[in-house]
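Given chain A's structure and the hints, the job is docking chain B onto it.
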Amino acid sequence: MAPRELSEIQTAVAAVCLLLAPLAAAGLTLTNAGLGRLRNAAHAMMAALCAIAAAACAYFVLGRSIQGETGAAAHVLMLGGKPWDWLGAMPLFFGGPGADLAGWIGLVGASLAALIPPGSGADRWRLAAVSVSSAILGGLTFPLFAHWTWGGGWLAQLGYRDPGGAGVIHAVGGLTGLAITWIVGPRRGKYGSGMPMAIPGHNAVFVLFGCLLSLVGWLGLNAAGSVIFGGAEAATLPRIAVNTVLSAAAAALATAAVTRYKYTKPDATLTANGWTAGLVASSAVCASVPPAAALLIGLIAGGSVTFTVELLDLRLEIDDPGGSISVHALGGLWGIVALGLFGHGNLLAQVVGVATLAGFILPFAWGVNALMNLRLRQRVAVEGEHQGMDLYELGAGAYPEVVTHDDHTRQDSID
Amino acid sequence: MPMKIAGFGLLLAGWLLVLAALVLLPGGLARNAFAAAGLGVEAVGLVLAVRAHRMPDRK
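If you're matching them up, the sequences are chains A and B in order.
Going by our numbering, the first sequence opens with residue 10, and the numbers climb by one from there.
Going by our numbering, the second sequence opens with residue 551, and the numbers climb by one from there.
Just so you know, not all the hints are guaranteed correct.
[What the hints assert, rightly or not] Straight-line Cα separation of at most 25 Å, SDA-like style, residue types lysine to any residue; simulated pairs: (1) A:K271 <-> A:L304; (2) B:K554 <-> B:L566; (3) A:K199 <-> B:M551; (4) B:K554 <-> A:V377; (5) A:K199 <-> A:N212; (6) B:K554 <-> A:M381; (7) B:K554 <-> A:N382; (8) B:K554 <-> B:G590; (9) B:K554 <-> A:L149; (10) A:K199 <-> A:E326; (11) A:K199 <-> B:R604; (12) B:K554 <-> A:G198; (13) A:K91 <-> B:G578; (14) A:K91 <-> B:A570; (15) A:K274 <-> A:P209; (16) B:K554 <-> A:G201; (17) A:K274 <-> A:L305; (18) B:K554 <-> A:L323; (19) A:K271 <-> A:A207; (20) A:K274 <-> A:I309; (21) A:K91 <-> B:P576; (22) A:K271 <-> A:L323; (23) A:K199 <-> A:F316; (24) A:K91 <-> B:L589; (25) A:K91 <-> B:A583; (26) B:K554 <-> A:G376; (27) A:K199 <-> A:R388; (28) A:K199 <-> B:A602; (29) A:K91 <-> B:A563; (30) B:K554 <-> A:R324; (31) A:K274 <-> A:M206; (32) A:K91 <-> B:L575; (33) B:K554 <-> B:V600.
Treat the hints as calculated values from the structure; they're not laboratory data.
For reference, chain A alone in the conformation it holds in the complex (with noise of 0.2 Å):
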């Protein structure tokens, strides 16, 4: 497969795109800071700092080289007859090309993916651990996966496409997310006798700024990964914003009527989280889907959003306070789907990628993660807990005016 030639043109148009592309890892991080606790904000913050240094470092020696390109050099399988291209080979430390623009788009992949597992583990993942599994995320399970997709792999040779990252970026951190939570456990108090405590984020409005941040970082991903993987025309730019926007209104309107009708009153930090499953989903299809279909999109993974939360913190005992394993593993997994629907995409190709995030990722993400666990704890300890993680790890509060009591204490006044 030859490698894709842009234009110079296009090239501008992907380099400015990419310039606002931070601004979806910024909003990220405030949403997650706050829907976590008040006395481990500045922990969230700090940990989404690291999470992003640390992938992004762990891509440059590494993941660029796993990654890859297409065209360029590559360990090749022969099966069945027929090349199946698995990992890539370029030289470490960002060689061959150097930074060009699809090495750039894959730093700022691995950044957002690192981003993701931090809201899953919230309130009890130590700064640590968050760092060394940033690394593992950004230089090796997510360039494999981005390879597969982005650097030509054995999925792009099936016909499969994810040009905005629904899979590689969304699914990959959501999917490590869910392994994290497995490994790391719920927090304390949190499913004990009867019902599971409802632990509410600290910050709505955090939250809420948090979505029209990244709106503006999708719309730069999104364009730059449809011009880069997809060769989109500056032409199609107005195509990919106007389908961006359109999914996630439709589906954080979905959201708010459903916990309106559910709960009475429209939830504001689900809506929040329907209005970044939007995001997510149109990741994979802004540039292939009529608007139409980009709204009816966004509707299905910002309707399925609460259904999706109560059943993992309710039924299914997995503490997710980020929200990260329905927005991002589901939502980017629903956008996949939905391209083969919708997008007149080779759907058993579409199909296979959804099979082998959650049939090689997800046992790929959780088996190193927990061999890391051996070796380096990643759950703080109970003390950590009680005390609150900024104090804990950081030695001082993000709100240092405001008085914040531990576990025992508030125990102790309630009896």
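Then chain B, alone, in the frame of chain A:
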């Protein structure tokens, strides 16, 4: 832990079945059915992994 490992093993086995369908079968109904069977095995693996996660709480 053994149940969780079995769950992840089934997830992996289901994925390998899907790959085998793509490699061994030329196309059409047989390939799709084989791939669907692989997805079914993955679903069983996921259920097992989820149940393994809930079991320590029950104890």
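> For this structure, which hints from the list above don't hold up?
Replying inline: Of the numbered hints, all hold.
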